[in-house]
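Add chain B to chain A, keeping to what the hints say.
Chain order of the listed sequences is A and B.
At position 211 of the first sequence (counting the first as 1) the number is 213 in this note's numbering, and the numbers step up by one without a gap.
At position 223 of the second sequence (counting the first as 1) the number is 225 in this note's numbering, and the numbers step up by one without a gap.
Just so you know, the hints here were simulated from the structure itself, not pulled from any lab data.
One or more of the hints may lead you astray.
Copies of the same chain look alike in the list, so a pair counts if it fits in one copy or across any two.
Stated by the list, open to error - Here are the simulated lysine to any residue pairs, SDA-like style, with alpha carbons at most 20 Å apart: (1) K92 to D76; (2) K225 to L417; (3) K92 to H299; (4) K92 to D301; (5) K364 to V337; (6) K92 to P78; (7) K225 to D8; (8) K92 to R302; (9) K92 to D297; (10) K92 to N130; (11) K92 to R300; (12) K225 to R415; (13) K225 to H89; (14) K364 to R308; (15) K225 to R404.
Next come the chains, spelled out residue by residue.
Protein chains: 2
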Amino acid sequence: MLSVLDLVLQIETGTLTPRAVVDLCAGAIAEREASIGAFVALDLEAARERADAFASLPLRGLPVGIKDIYDTADFPTEYGSPIYAGHQPKADAAMVALVRRAGGVVIGKTVTTEFASLEPARTRNPRNLAHTPGGSSSGSAAAVAAGMVPIALGSQTGGSVIRPAAYCGVAGFKPSFRLMPTVGMKCFSWSLDTVGVFAAGVADVAFAAAAISGRDLRVDRAKPSAPRIALVRTPFWPEASADMQAALARAAQAAAAAGAQVRELDLPPLFEAATQAHGTIQDHEAYRALADEIDRHRDRLGPILREQLVNAATISPEAYDDARRLARQARRAFVELMSETDVILTPSAPGAAPHGLGSTGKPTFNRLWTLLGAPCVNVPGLFDSAGLPLGIQIVGRFARDRLALEAAAFLQRALTTL
Amino acid sequence: MLSVLDLVLQIETGTLTPRAVVDLCAGAIAEREASIGAFVALDLEAARERADAFASLPLRGLPVGIKDIYDTADFPTEYGSPIYAGHQPKADAAMVALVRRAGGVVIGKTVTTEFASLEPARTRNPRNLAHTPGGSSSGSAAAVAAGMVPIALGSQTGGSVIRPAAYCGVAGFKPSFRLMPTVGMKCFSWSLDTVGVFAAGVADVAFAAAAISGRDLRVDRAKPSAPRIALVRTPFWPEASADMQAALARAAQAAAAAGAQVRELDLPPLFEAATQAHGTIQDHEAYRALADEIDRHRDRLGPILREQLVNAATISPEAYDDARRLARQARRAFVELMSETDVILTPSAPGAAPHGLGSTGKPTFNRLWTLLGAPCVNVPGLFDSAGLPLGIQIVGRFARDRLALEAAAFLQRALTTL
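Chain A extracted, bound-state conformation (with noise of 0.2 Å):
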């Protein structure tokens, strides 16, 4: 993989050139895009002319592959779906601006599932091509994890920017609702909808996070200080693998070992009951968001899509407020909940990533997160005995995603010294 602080580092001390960082993704992607199918479109000889102007701004010419969920300008944008083939957008997507504000360097769109929903793409798991990346920010997840890229930009809105980054063994960072703006991306629930940053590492992640947003969650200039750590395993607990509770465990006892406050949380009743909130909530606005698309275009809905949209038609707005209402109560109550906590260790995703490419796995750890507007961290570092990376969550206060950021970065290196 592509760290983005050596790279920075390297343009800085001036042994590599932001056109050099292009060609190591050029001979990545030569290597192995055939046969993992991250990308749908690439201009590398545009970056590669482009980059070295970037040199002297906060992400150095750094190639970034963007979610083809978000417009742009230059390439077009299809949002996984045939009804959009061959779409070409006006503008770019307001993250896609920041990101060349930033400086970074946009050099391909990356595969999304179709609308971001659960319907699976093409792409494979760069551990083992024989298994999902996850979704939907399928592309973004693989791309880094194959060294094709250094920065990706996903978005999540049940589980789709952690669960990809668990299976792929990356870092994924979904910020606090709201703290990065989704406009200028296809939206399927605006109550939920998060952008989400891929890199190699958390401070990789932090520091993409903190170029494009212009603010303070960079993490590598100092030793991220020792959290106090809740963990919780949440009631879906059951539906993790054994391999996964194992790492959960180890997890904890790794950074209680580095000097973590680590005890254990369980979630008030409240929190499944939003749980169930959160599909309410996204398929109600689904229905709504993708109303032309549905309309217009229902035979070319995948089937798995079509079937969730159509049911969405069901959901009467009274059913809908209830489930916000209670999103509040949560939201309000995970205020309480963390009042002596900075932040919740939790699993990413129900075990490693599944075998075939019929399914991206299940948002049952996610859900409840995303609901909450809380940053989310995903921590790689843990492996199953097959060699597939086992994610770890870090979950933070609404807002206070630098400190997310930083215990999650303190978990790694817990990690990584185990």
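Just chain B now, kept in the frame of chain A:
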């Protein structure tokens, strides 16, 4: 003006066909559009052909005008900007699709100011062509006021629905934040952009909003009950014209005479600070939402908007976070403030529509309520000595949109029987 309720009744009883309603609109357009300039695109022929097929749906095939800030698949969408000259979106915005689902027939796109900003547009006020219709939903308010369409969609980020409704003497409804989807509407500020609906009277706009949202918002089936009203002059009272100050007093008297409880209420200082926070949030977000246009097409932005966005670049994330915190505090305080009140009665604008087209007027009396996400209704019915409308505003509790509409209908009826 064309009353939605009258037209629906006539269609239901068979004295009018939807196609004949299109002809009524076409007649008014032929007579007045050349001098008013409310539309940027029109297709009366297509509407005429389709209208009767929708007669069994809630909106009965009624013609609808759509502010050109919403994407439409059947009409170009230019957002009031030369950057988007001839731009043709691929899909309808969610609200446009919901209008279709409800049986409305889109007859054309109405003039928006540039990206729904304070930059003035060319539309004239149907009440007096020498005056502005207000903005940014200039064409929608004017089209309804001129009887060219019974229903029109707008949007409000500061005061862009309530102000033009007030200036043009029509009912305008800005629902609670996120009650209706902004998906596919060009974004200016994701924390503030709100959908709006225009129609002749309050019961008309409530009927249209009910049909489009599938929610129980109608207020025409029973006599509205007498609300508990708080008369709020706001800290900006000195900016209200003498005519407006008198109009508000008259509205309060009429409501009281009709049986409403009316008391005076002073806003705590927090709300004045929150009104300032509105500008910080709006501009910080606009600098990102319009990043592509600012970075690639700066020379093609209008002078007012360009200056606003250039200044917006200097707003720090910290200042933005402080403003959002203040907004959250104000929203919580607003719940308290409204605990013994159904609605607030307050001016819709500083006075009647300003003379000339050089300014669309000021959102002084709108920004706070937009920030709070509260439902707002412009109640028409009062006029100054020159015959220009003076709009009075009903502001409701968050998510109590029906209560706000009912109180507004009560007030409109009270003004009529004055």
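Against the structure, the hints:
1. K92 to D76: both (9 Å within a copy, 17 Å between copies)
2. K225 to L417: within (15 Å within a copy, 68 Å between copies)
3. K92 to H299: between (22 Å within a copy, 12 Å between copies)
4. K92 to D301: Cα proximity of K92 and D301: across copies only (17 Å, versus 27 Å in one copy).
5. K364 to V337: neither (26 Å within a copy, 38 Å between copies)
6. K92 to P78: For K92 and P78, both the intra-copy (10 Å) and inter-copy (13 Å) Cα distances are at most 20 Å.
7. K225 to D8: within (17 Å within a copy, 71 Å between copies)
8. K92 to R302: Answer is between: at 15 Å across copies they meet the 20 Å cutoff, but 24 Å inside does not.
9. K92 to D297: For K92 and D297, the Cα distance is within 20 Å only across copies (14 Å; inside one copy 24 Å).
10. K92 to N130: neither (37 Å within a copy, 38 Å between copies)
11. K92 to R300: between (25 Å within a copy, 15 Å between copies)
12. K225 to R415: Close inside one copy (9 Å), not across copies (68 Å); limit 20 Å.
13. K225 to H89: neither (46 Å within a copy, 51 Å between copies)
14. K364 to R308: within (18 Å within a copy, 46 Å between copies)
15. K225 to R404: within (14 Å within a copy, 55 Å between copies)
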